[in-house]
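J.: Sequence:
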Amino acid sequence: AVVISEEPLTDIVPLQRPSKNDENSMFTTTQYAMDPVAALGLLKMDFLGLVNLTVLAKSRDLIAENQDITFNLNDIPLDDSNTYDLLARGETVGVFQMEGGGMTRNLKELKPTSLGDVAAMIALYRPGPMEHIGTFIDAKHGRTAPSYPHPALEEILEETYGVIVYQDQVLHLFRTFAGYSLGEADIVRKAMGKKIPAIMAQEKEKFLSGGTKLGFDRELAEQIFTLIEPFAGYAFNKAHSISYGLITYWTAYLKANYPAEYMVALLNAYMGNPERTVSAVVDCQRMNIPVKLPNINTGGTDFTIAKQEDGSPVIVFGMAAIKGVGVGAIAPILEAREKEGPFESFEQMCRVADMSGLKKNNLESLIKAGAFDDFGDRGSLLSVTERILSLAHSEAGLRESDQTSMFDLFGDSVPTPLANITLPEGKTSDRETEEWERELLGLSLSGVNHLANLLSSAGSDTIVFKNDIGPHQAGKKVSIVGQVSTVIQRFTRKNKPFQIATVSLMDGTIDVFVWEDKMEATKGLWEEGKLVAVAGTIRVRDDEISMSCQDAEEYSPEIIEKAASTNSNEANETSVIESSQPETNGTGTPQPDIKPSTENGVNGSNGNGGSGGVPSLAHSKLAVPQRLNLRIVESDSVADDQLMLDDIKRLLLEFVGKDEVSLEIAAQGQVFRLEWSMVKVDASEDLTVRLQDLLGDSGDVTVESLVN
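The numbering of the sequence shown is this note's numbering, which starts it at 3 and goes up by one.
These are calculated hints, taken from the structure and not from any lab test.
Incorrect hints may have been included.
Said to hold, decoys possible - Dumping the calculated DSSO-like pairs for lysine-lysine here, alpha-carbon to alpha-carbon at most 30 Å:
(1) K468 <-> K361
(2) K294 <-> K525
(3) K325 <-> K532
(4) K468 <-> K532
(5) K361 <-> K325
(6) K660 <-> K468
(7) K429 <-> K532
(8) K325 <-> K294
(9) K215 <-> K46
(10) K60 <-> K362
(11) K341 <-> K361
(12) K468 <-> K525
(13) K362 <-> K429
(14) K498 <-> K532
(15) K429 <-> K325
(16) K468 <-> K429
(17) K110 <-> K60
(18) K206 <-> K60
(19) K113 <-> K46
(20) K208 <-> K192
(21) K341 <-> K294
(22) K325 <-> K309
(23) K60 <-> K496
(24) K206 <-> K240
(25) K429 <-> K110
(26) K206 <-> K113
(27) K498 <-> K468
All chains should be modelled from the sequences, with the hints used to inform the complete structure.
T.: Pasting the structure below:
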């Protein structure tokens, strides 16, 4: 924050210069933290810097340049139907605050028709208010009537259909129903946000007493306090939400009405972020805006707009966005192109352009990415990179020394012959071309980019963005659709084969583990370039997110509809591992309590953990509770036993369900029972087979019905 004072700050608060690690910083800082600074009565201002504001400004400039249309952002109409239609369709890639599967689903259900709707959704999409999104949407569309326990509530909550959305509403509720001043109400709101039980109890009693003094029934006052409680610490200030909503609307407006210019501005803002770049390129293709390969004669360092023969726009991939190529390597060459015109060959480019900043790896990356396709086949060009660089060096030496050749004596009447670079005959395979492009651009632009079709054809609950998968989904079953990029074969410690397929989603990749029992059923599916629909469970290990395949098929719209129906609404699911769980072993799984037992049987435990995830189809047919019994015999190696237990825990978390787990360890002449009440699984045949393979001769697995 920026600290502002009407008097010299040195007279009020101690200051300090930047630290040694930040010697170039121009900013002096206070020695006090933010709370003591506030206690002194100084004004602290947060100035929010958003890349979206840059995108808006660049879009406006591009629109003026390409379409000769100038406007001020404040002149944009707030009732544009194209904008609201775009939001209602969930086409929110690059739209401020609206990206991500959860928000997109809510927008499609909300179908916003005003800036107020947009601002309210931004405010509601937070812990606490989030659970009331459905109520807000249903009330907006007339499916349910807003509920007001007291007429005074209607005046405060009418604009948000009876749902508390903004901090301002919380403050007015405190004032109306308990007699607080707005200042007092804001202090209480902040205190309640800390969720300290003693403070909550104290403020509740104060609120109830205040309500009684104003003539409200104590039961009504208690009902109002209960209504306020979930929102007090999370609700947005209305001005903040409207401000954010306006930026959201502007970005959506430009995308809906000037898509080519907006997407170019967005792509240039994403430069250096490959996953966001891929996401934006794919969205361009979905909107039927072609994105062409980088080209030394038509492109630039940044993404640019060109015109096709019919006058429609096409985006040319920015050469500085190619992996391994920076602005410094390419800018001098483009300066020469602006002066001399398009290059006809490498020989000409070497003669007129400064290529001193172009290293061999830069040149190879540009060739592989297609920037020099005008000059020949990529494979052939790669074979003569040494010759190209040598010629560029020679020509640079001549230019710097002002040496002339005999041909220069004749002036322009005799053209100077160029040194010749002979290309070997050859044709790079389509597969190799696409591999190079995926490596350097993030996706292939030469062939058909099947990923572009996913956004429009995948079901709303099917995951196509990696950003929609997080650690909170560990152990949960989800469905994804993507394109296989690589496949590797591996073996477990027990020499069991498995595969790791890297699947490209719209904005990144995820590793899908295909275990031995699924390899045969999915044989032929894991081929590079193939689109797949995969259902499985999310794995999290060392902060790396992957997926364990339970079912997979080649992609088609019909399959997507079926796969989407299996996905749960992850925002409302409770993970198998709660944030308030007991000590963990560092892998994210709860440590069991070990109790010695003199009997071989195990008493059932009904536990208290949430089921989380979605049970498999096989389990859903068994409408009876079950218990999964594991029995392990201690080995001579403590390290091996620990690895075995870790593998068991990870496997159990891949099959989240409602069945109990019993684990027995035979050691030192006794049987130890591990009470694992926090873990509930789907005791399917798939899980039991995997567990038995893991245990081998070291134990056994059984499943028993808990119905007498």
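J.: Against each hint, give a clear statement of whether it holds in the structure.
T.: Hint-by-hint comparison with the structure:
no., hint, verdict
1, K468 <-> K361, "34 Å, violated"
2, K294 <-> K525, "35 Å, violated"
3, K325 <-> K532, "24 Å, holds"
4, K468 <-> K532, "18 Å, holds"
5, K361 <-> K325, "14 Å, holds"
6, K660 <-> K468, "27 Å, holds"
7, K429 <-> K532, "23 Å, holds"
8, K325 <-> K294, "16 Å, holds"
9, K215 <-> K46, "37 Å, violated"
10, K60 <-> K362, "33 Å, violated"
11, K341 <-> K361, "23 Å, holds"
12, K468 <-> K525, "25 Å, holds"
13, K362 <-> K429, "22 Å, holds"
14, K498 <-> K532, "25 Å, holds"
15, K429 <-> K325, "23 Å, holds"
16, K468 <-> K429, "35 Å, violated"
17, K110 <-> K60, "28 Å, holds"
18, K206 <-> K60, "51 Å, violated"
19, K113 <-> K46, "38 Å, violated"
20, K208 <-> K192, "15 Å, holds"
21, K341 <-> K294, "24 Å, holds"
22, K325 <-> K309, "26 Å, holds"
23, K60 <-> K496, "57 Å, violated"
24, K206 <-> K240, "24 Å, holds"
25, K429 <-> K110, "47 Å, violated"
26, K206 <-> K113, "37 Å, violated"
27, K498 <-> K468, "29 Å, holds"
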